[in-house]
Amino acid sequence: MEKQDTNIAGICSPAIGEAGKTGDWSDLKPVIDHTKCIPSSKNKAACFLCWLYCPDGVVSMSIPVRINLDYCKGCGICAEECPPNAIRMVRKVECDDE
Amino acid sequence: MQENIFRINETEYILPGNRSCQGCGLSLAYRFILKALRENTIVAIPPSCLCVLHGLYPVCSVIVPAINITFAGNAASASGIVAALKALNRPDITVLALTGDGGTYDMGIQSLSGAAERNTDFIFACYDNEAYMNTGTQRSGATPMGALTTTTPILTKQEKKKDLIKIMEAHDIPYLATVSPAYPADLYDKFVKAKRIKGTRYIHIDTPCPPGWGYPAKDTVRIGKLAVETGVFPLFEIEDGKFRFTGRSETLAKKGKRQPVVSYVERQSRFKKMSIEQLNRFQHHVDSRWDEFVRRAES
Ligand SMILES: Cc1ncc(C[n+]2csc(CCOP(=O)(O)OP(=O)(O)O)c2C)c(N)n1
Ligand code: SF4
Ligand code: SF4
Ligand code: SF4
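Protein chains in written order, with the numbering used here: chain H, -9 to 88; chain G, 13 to 311.
No wet-lab data here; the hints were simulated from the structure.
Just so it is clear, CB atoms sit at the ideal spot from N, CA and C, and this is done for glycine as well.
Where hints are given, some of them may not hold.
Heads up, simulated DSS-like pairs for lysine-lysine below, C-alpha to C-alpha not over 25 Å straight-line [as the list claims (entries may be wrong)]: (1) G:K174 with G:K98; (2) G:K237 with G:K210; (3) H:K11 with G:K173; (4) G:K230 with H:K26; (5) G:K178 with G:K205; (6) G:K284 with G:K173; (7) G:K172 with G:K266; (8) G:K237 with G:K178; (9) G:K266 with H:K82.
One-sided and incomplete, this derived list gives chain H residues near chain G with beta-carbon spacing under 8 Å [said to hold, decoys possible]: (10) C2; (11) P4; (12) I6; (13) E8; (14) P29; (15) Y43; (16) P54; (17) K63; (18) E70; (19) E71; (20) P74.
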């Protein structure tokens, strides 16, 4: 009997962390000062520009705003675009205390 | 823009932990493209950074079906998917061919032109990062004059950027638009609109790329905004032949003042060997193109 390879198309399945923990890619990580952040300090859904501009979609549109540091690549766009400068890019060692 | 954010689909279709670089303009644009097109979308991708972002067998980082296609065949294969969906009677599914500038301006243009001539019912979007980035920043037909690339390393690129948007417009397609990831709401709205239109829809995406253009990753949005503020990359749409500026470019055309292109050029190391003459020609080119668009918008 002839053998057949059924997966001739080479189909992939979706997976988080296809490239590993991309949070390791940078030595800088964003830290949010929630006393300055508009949604947190006003306790209402507003601003969320960090969510909007994150190329990796690792910011959640919540109160308080959260960043998934396992996969945040540390580009610093969120810190750059935050209107009240509530996000600071800090060295990862410091960040681990958060 | 702030009040618009809450209209945008909250679902993320790109999974975290993918291979795009820090601060990638393509990644940011693609997030909002997929938010706009939603679940029923099939993406056709040629070799490129996008292909790398999608991932390596047997796993992938994007949760809509995508097919890897050869460079020259991207629009042709996407046309085949459109034909298959028609045979299966699935008009609810959108076909998106998303292609880099190398895959659009240089290698894919013949099958794209053929598909547009047949008014194939798909969206073809070119993410223009102005060089072959995935293979290490070689010059493409989209690279602007005066830019350093690994194949124009000493004298900079001597030729002007090909005007692909004009070429696409000459095909008389129902919808053509320019978008930038620095203005995600505008990008989102145009893809939502394009999804509802039948026939060939062409969308051109200005795609800032930190390693290829030579600026810090944190500046992707800033550089994208400067391209619009200077008029280097105006935001507009052409629907059934009618030209209309959108978003920030509409405001700039009505009032306000465009910044000089030097404020865009000076922030990117790819332009560090640009001559004064090239800079003046660039400014002149941007001005005359802008004036032409303003005339069209007013007529
Ligand atoms: C026929 C063919 N020639 C060359 C290559 C090698 N190659 C892979 S990606 C790439 C560059 C693509 O550039 P572009 O379309 O601008 O996309 P970007 O890399 O910028 O995302 C090249 C030349 C290939 N895969 N197939
Ligand atoms: S951009 Fe700044 S102020 Fe706005 S939600 Fe994010 S952290 Fe808060
Ligand atoms: S540093 Fe970059 S990847 Fe990390 S949350 Fe901010 S924008 Fe997203
Ligand atoms: S080279 Fe440029 S376009 Fe490609 S993944 Fe990196 S930042 Fe994105």
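Going down the list of hints, with the structure as the test:
1. G:K174 with G:K98: Since the Cα atoms of K174 (chain G) and K98 (chain G) sit roughly 34 Å apart, the hinted pair is violated (cutoff 25 Å).
2. G:K237 with G:K210: 30 Å, violated
3. H:K11 with G:K173: 38 Å, violated
4. G:K230 with H:K26: Judged against 25 Å, a Cα distance of about 20 Å means the pair holds.
5. G:K178 with G:K205: 21 Å, holds
6. G:K284 with G:K173: 18 Å, holds
7. G:K172 with G:K266: 28 Å, violated
8. G:K237 with G:K178: 23 Å, holds
9. G:K266 with H:K82: 46 Å, violated
10. C2: Interface hint status for C2 (chain H): holds (4 Å vs cutoff 8 Å).
11. P4: 5 Å, holds
12. I6: Holds, about 5 Å.
13. E8: 4 Å, holds
14. P29: The hint is violated - P29 (chain H) has no Cβ within 8 Å of chain G, the shortest such distance being about 11 Å.
15. Y43: Given a least distance of 5 Å, the restraint on Y43 (chain H) holds.
16. P54: At about 17 Å, which exceeds the 8 Å cut-off, the nearest Cβ of chain G leaves the hint on P54 (chain H) violated.
17. K63: At 4 Å from the nearest chain G Cβ, K63 (chain H) passes the 8 Å test, so the hint holds.
18. E70: 5 Å, holds
19. E71: 6 Å, holds
20. P74: 13 Å, violated
Going down the numbered hints, you'll see the structure goes against 1, 2, 3, 7, 9, 14, 16 and 20, while the others check out.
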